[in-house]
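Engineer: The lines below spell out each chain.
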Amino acid sequence: MTPRRPKGKSGSHHHAMSSPEAMIDLHGVVKRFKNAAGEFTVLKGVDLTIKRGEFVSIVGKSGSGKSTLLNMITGIDHPTDGKVVIGGTDIYTGVSESQRSKWRGRNLGIVFQFFQLLPMLTLLENAMLPMDYADMYDFDERPKHAMDMLKLVGLEKFANKLPVLVSTGQQQLAAIARALACDPPLLAADEPTGNLDTKSANIIIDLFEELARRGKTVLMVTHDPSLTSRTTRNITIADGLIVGDSANGKRK
Amino acid sequence: MRKFLRGIFKIIYSLAIKMKAKSSTQNLIELRDVVKTYSTAAGDFTALKRVNLQIGAGEFVGILGKSGAGKSTLLNMITGVDHLSEGEVVIHSNGSPISVHKKNEDEIALWRGQTMGVVFQSFQLLPMLTLVENITLPMDLCGNFNPKQSRQRALDLLRLVEIEEHADKLPAFISGGQQQRVAIARALANDPPILIADEPTGSLDSLTADHIFEVFERLVADQGKTIVMVTHDESLSTRFSRAMRITDGELASLPERSGAQTKGDNEADLNPKRKLSWWRRK
Numbered sequence: 000m001t002p003r004r005p006k007g008k009s010g011s012h013h014h015a016m017s018s019p020e021a022m023i024d025l026h027g028v029v030k031r032f033k034n035a036a037g038e039f040t041v042l043k044g045v046d047l048t049i050k051r052g053e054f055v056s057i058v059g060k061s062g063s064g065k066s067t068l069l070n071m072i073t074g075i076d077h078p079t080d081g082k083v084v085i086g087g088t089d090i091y092t093g094v095s096e097s098q099r100s101k102w103r104g105r106n107l108g109i110v111f112q113f114f115q116l117l118p119m120l121t122l123l124e125n126a127m128l129p130m131d132y133a134d135m136y137d138f139d140e141r142p143k144h145a146m147d148m149l150k151l152v153g154l155e156k157f158a159n160k161l162p163v164l165v166s167t168g169q170q171q172l173a174a175i176a177r178a179l180a181c182d183p184p185l186l187a188a189d190e191p192t193g194n195l196d197t198k199s200a201n202i203i204i205d206l207f208e209e210l211a212r213r214g215k216t217v218l219m220v221t222h223d224p225s226l227t228s229r230t231t232r233n234i235t236i237a238d239g240l241i242v243g244d245s246a247n248g249k250r251k
Numbered sequence: 000m001r002k003f004l005r006g007i008f009k010i011i012y013s014l015a016i017k018m019k020a021k022s023s024t025q026n027l028i029e030l031r032d033v034v035k036t037y038s039t040a041a042g043d044f045t046a047l048k049r050v051n052l053q054i055g056a057g058e059f060v061g062i063l064g065k066s067g068a069g070k071s072t073l074l075n076m077i078t079g080v081d082h083l084s085e086g087e088v089v090i091h092s093n094g095s096p097i098s099v100h101k102k103n104e105d106e107i108a109l110w111r112g113q114t115m116g117v118v119f120q121s122f123q124l125l126p127m128l129t130l131v132e133n134i135t136l137p138m139d140l141c142g143n144f145n146p147k148q149s150r151q152r153a154l155d156l157l158r159l160v161e162i163e164e165h166a167d168k169l170p171a172f173i174s175g176g177q178q179q180r181v182a183i184a185r186a187l188a189n190d191p192p193i194l195i196a197d198e199p200t201g202s203l204d205s206l207t208a209d210h211i212f213e214v215f216e217r218l219v220a221d222q223g224k225t226i227v228m229v230t231h232d233e234s235l236s237t238r239f240s241r242a243m244r245i246t247d248g249e250l251a252s253l254p255e256r257s258g259a260q261t262k263g264d265n266e267a268d269l270n271p272k273r274k275l276s277w278w279r280r281k
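Same order as they appear, the protein sequences are chains A and B. Quick note on numbering: the first sequence equals residues 0 to 251 in numbering that gives the first Met the number 0. Quick note on numbering: the second sequence equals residues 0 to 281 in numbering that gives the first Met the number 0.
Keep in mind the hints are simulated off the structure, nothing from the lab. Ideal Cβ placement from N, Cα and C applies to all residues, glycine included.
A few chain B residues that don't get close to chain A, going by computed Cβ distances all over 12 Å:
id : residue
1  : T36
2  : Q151
3  : R158
4  : G201
5  : S234
6  : R244
7  : L253
If you want the footprint, here are the derived chain A segments under chain B, 3+ residues with CB under 8 Å:
id : stretch
8  : 65-76
9  : 92-103
10 : 115-121
11 : 128-134
12 : 159-169
Construct all of the structure, not just a fragment, from the sequences and the given hints.
Structural biologist: So, in structure tokens, the structure goes:
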């Protein structure tokens, strides 16, 4: 969509209003958890802007807050304070609770470490699921759209197989096809290669790169430093704050 | 008044036994000489060696065995998730026998959705959907209920597994035991006669596991579901209406426990209990 642009050194300036180019805009996001031991602040006021078409990695140690940050962006969890604006919509005040799954289905695809395919459904049926809860496409058109997504990830030959009969790498590719089902502009992935061998992991990253090239915004949480050389921008999070934000110059 | 009630009680009891006798003439699930061989780089490996098994309606069958014994493979043959090498699996749901492995993939998915609910060790809920949405999903896929009906039914099922107050939460915000309750509710979405459970308590602590097992027990007693559960937990063996053991791909009945009836009696015993409990609730 947006033409590639050379990346500046620091992340970006944080405007009070989200610019039309911004896919993700976080303003002062705080997340506190309460448990028996007391209160624990996982995110301590995070400001972050990610533009359309960026391929961003978020790295940090276990417990640094990186997955919590992703959960704020996907609307899976609520911030204690601050604003989360995705594609111009404040997802906590602008989308009602009952509409959130539909909104999420249309606006972002989520990819998980353990794929989370439904085991009793074929890969094609799994890829059709978001169309159901996002209420996208005519019922009869759904198989064709799902098949297009499976082709995109190279799984068309396996469309009618159940997840248990394909490899873990292929399961993750199917999960990506599902995430893309409603053609969302944003793809959020939580340790997508954490359960895969190196070869399969590379196939996944190649695919993410291609998707970003086609204009999708791809956000990936990982603890694997070897993957960060493949993204256009790396964000490092420690103790609930962004401590590093750098652009990778190399991008064809 | 008491005599009158007792009279009614007797009539219902005998009716129940007759109904059971009639229904038990036909098996609900039948495995005939089922063989499953996997080809690996190291050669062929036979995971199931001519397994024969008949399960009647209303039975709660436990299949015990160690990891690698063939437990999950056996379930995969019943659900048709994996292909068999030899033999046949026949399910007699709503009157007509269906040979699971002779149907094509499209037919089988719809049929399975309506005939069997499956519960997994790792719950397998979709993380981006609320609990109630996770349960309406299979209803949407099978098309038996309209959207309004399916939400109401999902809420009813959440009430059945005692977790309705969390209906609009995402799976990440409830405990593992609660997630498994939701997974059971989802398995019941299209009201299938059969529930298949693959180590459903395997990733839960023992107290939570016990609560989940009670949910299954109630489904057999109150709703007349037929359940096939695979587990490595030996302590559960006496709580099934029938327990089998699988070792190196071979299936055998467990020795009768003291005071237990023969298999046939056991089935007959189970069904009146279900009818009575249904009667008590009315």
